[in-house]
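Novice: For this one, chain A is given, so just place chains B and C on it according to the hints.
Protein chains in written order, with full-length UniProt numbering: chain A, 1 to 103; chain B, 1 to 465; chain C, 1 to 650.
Keep in mind that the hints are not guaranteed to be accurate.
Stated by the list, open to error - In silico lysine to aspartate or glutamate, EDC-like type, Cα no more than 16 Å apart, as pairs:
#  : chain 1 : residue 1 : chain 2 : residue 2
1  : B       : 240       : C       : 282
2  : B       : 240       : B       : 380
3  : B       : 240       : C       : 288
4  : B       : 194       : B       : 180
5  : B       : 236       : C       : 288
6  : B       : 202       : B       : 184
7  : A       : 74        : B       : 12
8  : B       : 313       : A       : 7
9  : B       : 154       : C       : 87
10 : A       : 70        : B       : 12
11 : B       : 327       : A       : 36
12 : B       : 154       : C       : 282
13 : C       : 229       : B       : 12
What the hints assert, rightly or not - One side only, chain A facing chain B, incomplete, derived with CB under 10 Å:
#  : residue
14 : 12
15 : 16
16 : 22
17 : 27
18 : 30
19 : 33
20 : 40
21 : 50
22 : 94
Said to hold, decoys possible - Which chain B residues stay away from chain C? Per the calculated CB distances, all over 10 Å, these:
#  : residue
23 : 57
24 : 95
25 : 150
26 : 159
27 : 275
28 : 281
29 : 296
30 : 309
31 : 426
Simulated from the structure, these hints should not be mistaken for lab results.
No residue lacks a Cβ here, since even glycine has one placed at the ideal position from N, Cα and C.
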Amino acid sequence: MADSPQEIQKQVKKILLIGAILIFFTVVTVALSYVELPSHSLNIIVGMILATIKAALVALVFMHLNHEAKLVYKVLAFTGAFVTALFLLFYFSNIDPLVFKDF
Amino acid sequence: MDIPYTVTARPDTGLYNAKVGIWLFLASEVMLFGGLFSSYIFLRVGADYPWPVHELNVTLGFVNTLVLIGSSVTVLLAWANLKLRNIAKYKMYMIITVLCAGAFMVNKSFEYKAKFQHYSVTLTDGTILTGHLPHGYEIEFGDVTTLNLTVAGKHSAVDADPVDYVLPYIKGEAPKFKTESGEEIVLDKASFTKLRAEAHEKAVAKAKADGLKETPNWNIKLTAASPITFVLPPSKLLAKPVAGATAIAFRDGTTVEGKMINDKMTLEVDGIDLRATPDKEKSLAFNEHYLGEPWKKAFIDQREHAIAEFNEKYGDGKGGTTRDPLKSATHQKHMFFVPIHSATPEVHEHAKAEGEHKAEAHAPAEHGDAHGHHPEVHLERQHVHFFSNFTPKLNSYYAIYFTLTGLHGLHVVAGALVLGYFVVFNGRMLREDPERLANRVEVGGLFWHFVDLVWIFLFPLLYLL
Amino acid sequence: MSAAAHTHDHAHDHAHDHHEPGFIAKYIFSTDHKTIGIQYAISGLLFLLFGFFLMLLMRWSIAYPGQPIPGFQIINSIPGVSWVFNEMIGRWAPGGVVNGELYNMLGAMHGTIMVFLGIVPLGFAGFVNFVMPLQIGTIDMAFPRLNMWSYWLFFVSGVGMLASFFLGTGSVQTGWTMYSPLASTTSLAVTNIWMHGHTWWLLSMVFNISASLLGSVNVITTIINLRAKGLTWMRMPFFCWAMFIVAFLLLLAFPPLEVAALLQLSDRVFGSSFFLPTGLMEGGQHLDISGGGSPLLYQHLFWFLAHPEVYVLILPAFAILAEVIPANTRRPLWGYKAMVYAGLTLGFLSFLVWAHHMYLTGMGTMMSTYFQITTVLISVPSVILLTCLMISLWGGSIRFTPQMLFASAFLPMFGIGGLTGLPLAFTFIDLALHDTYYVIGHFHYVVAPGTIFGLFAGVYHWYPKATGRIMNDFLGKLHFWPSLVGMNLIFAPMFIQGMGGFHRRWYDGGKYFEQTSSVSNWFTELTSGVFGLFGMNVPNNLLGLNVLITFGAIILMLGQVPFILNFWLSIKGGKKVKNDNPWDCTTLEWATPTPPPHGNFTFDIVAVRGPYEYSVPGVNQDFFPQWESSPGKAAEPSAVPAAPAAAHHH
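Pulled out of the complex, with its shape left as it was, chain A reads as follows (with noise of 0.2 Å):
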């Protein structure tokens, strides 16, 4: 943790200039949402990407993550990937490629 005064100073500055591009990519998120991609599917994508990024945003810079001890990633791996596999498995039990469709 940077804990001296100069540093925190420094600290504050990136968290105002973070904060203004989070507000920023919330108006593009709105406005590019009532932009028609080719299919709708693609307006998701792109609606997520830029939530990802600015969630990535939050996360390294205004919780830390962009320095934090390695015990904290190796935590968040673990739950990255089950929530992941949560993610993909609810999906796929939507849509089987393995159909016999020959039968």
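Specialist: Leaving out everything else, chains B and C in the frame of chain A:
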């Protein structure tokens, strides 16, 4: 005898206890919201109706996003100022953060309230009418002369309690009742308790006489001095009444026989959704008793207008379009969702005013409009397939919307309480051990950023996409 | 000043800084990890007893359908007791006969209570709270107040579950799994949905999950940050490792169940359709719902928790055995590192196998294939754990104390449970055996003679540390043998019944099954013959085994009497321990005074060696405790180099 590493970090892990704790807690929260978001995906992929897009109040959602981002910044500034020992600024930023949480919840409550008052009625042909129920929805069931109360033999969840479940719905003054033994009574708590005790006695005696193992249910018949009419919302009944029902059963098991006087639903229509109607021009909504020809014409006008607009916007110059109109959710909505802003249809003169588009990208007549400017229809019960206000019951989209935002709202409240607690009650720690308080604020802040982070995904998923 | 807690002057404070808290602060709303551990353990034991009682009623109905429960009239004539019994259970059993409705309640609550209110609180929360902080050499958990909250949230959830029996609807009836759509739509015809057994179950689960969340955060933080000086990860006893893994499972697997509970609550109370497909009908009528949901969603969310939950149930038993076996064989634990890595692998894989409970749902061939593979994979680390424990017996000079008897019985019992699970991993076998008694037999072998025997071993092992007295050896053996016989009489015949097609939810034990299939084999013949010797007429077919199983349950019940007596009487009447380390163990908890005071250690404890140094060549005693530099002499803190700072830290 203090627990080690509450203030300073343990050298080999580089973390103090609370920080380990909060990250573990957040990991668990990730799984919680992960479960909810994957439920969202699951429901959306499997949805058998057009998934609502831009249907919520985007402005409110947008403002709330700004509020949350702002509070995320202020909680960090509060922490930084505490680290620098600028106590006054620390307090100010903490208070702003908590106020932001308050503003967020106030906005949310406006949004929720509008949903609770707005209704959607699915007709039997798949047409959906949205609007307001000016008097709520109540059925009128009359010509009732006898109440059949059932006293359960054993303690049961459905047990006669006419004073709470039946009497309040009698139109006008409740008449006097005659019991089976000919006694005339006013039905109230005292007289019913007495009746119930007698019935129970008889049931026990019968069980004894017949050698039954179980005390049977016992019926009490009460004859009204004059015929009764009930006016009640169908939710007070055990099962929804079918059209033209001759008997209804109340939630406490009381049944009455009589005649359905009126089960029509009066709806102030503010939108017609024809996306799921197979033959759109023959929709029940355009039935002469309901919205009739003028609105049908308005719909046809709007559809043509939408098609023209779509072709102009996405025309490829060879008579086709670069977007598949069937796959464009927005276009489908522009064609088949007719927002209604006035009691009579406006005249769409799209033919004359070509190029002067009045594209109707309105959200379905934003909830909570002033009443009285909408056509009123009286829907026959047999035409109503399903109705609900805009609550979890309406469809899986609103169900997941309320669950996600409700749970997120609870997190906002919890975070505000915790941060508020630090600023109000931790004065002593601020004086004596500010470093420890800074740790607390940091940990509380981490939670607060997480709440913000969840909203960053919620906002586009529910409001925009 | 807390950073200095390990320095000498601070340790000095321990003795003087001690003011006696009042009764309530000391025993009820205590923040001391040992008191909370004991609270959890005793609550867990009581819930296990209650869950067992529910099971006895079910077993009676299965063996003797339509016949009154023995003693029903007697209970009904005891003043006070009769009221409680009647309001809770009796009113559903006219004339003392268990009917289908009551059987469903008993079944649902037996599962719920055993899993969420019995084994987890005792096996995980009880033992981890009492033993773990002692074993890692710290004064308390990292967040003592959260720890107290955890217990009281659990308490509320327990009370909510029990109280649901007294509601007008009775308790929940849809099985411990609460599968929707049945569980979303059943018995909604009530005057007040909030006073419904099902609603209380769901809300109680939310409390239970919050409790386990607080507990697991606490456990992990404590293990990560409060280990004594010198107690490196690989010097940590396997007990702590296993509990560490369990805590992670609870932390990450429970939230999806919370989601499932909340969504089901929404379905029932607010009329949503999360788990209800479009066009669902009940009794020939369309339900008043929008549809658009899926029952599959519920099962995914539920089993995402409930499979890791299986490892939450079994790992505490492994944890306890890893302490009990070396202490009673006087040998080091065989393959400590292999066990640690196997445990971690097991924990990781347990998140990726959940849908093997769902082969029958039609979720898709790819999903089934994937889950068959992961399920077979997860048997590898399980086998490593069991094998290491078994090899640990080799060449030891075994002391057959009661804890060792239970520990050694655990090994084959868990083995049977595990191996009978293997066939179920394959869809083609599971299709036939799903929901039969085969499955019941399989998982009960894992959790009943498996986990519960492990927990009993733990109770006998650490009882002297908690009370200063040793539980009676004879009563302990009187507890063990009937339990072992009873457990096997109950669960072994279930495999035979299950393969014969017995369904798990027959409240009458398949009375009408006989008409279509009267399977008999050497086992049913033996059963019938043996009962015949006692003049009892037991049919020579699969139905006859119902009677055998019920007798097994009665033997098991009788077997618990010595334990209950032993547990309570030994507090005052047990043999006093000879010193603070009555079993001559090596781990840090035995360095504390007996019972340990608030703050635990009287000197600055450091660990200077691995956890299982038994029979070390060249040492003049057969154990070499972790905290001793030479036998009988505690190591100085200066003997351990200071831990290096984390590399990434600035």
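Novice: Are any of the numbered hints broken by this structure? If so, which, sorted upward?
Specialist: Checked against the structure, the hints that fail are numbers 6, 8, 12 and 26, while the rest are satisfied.
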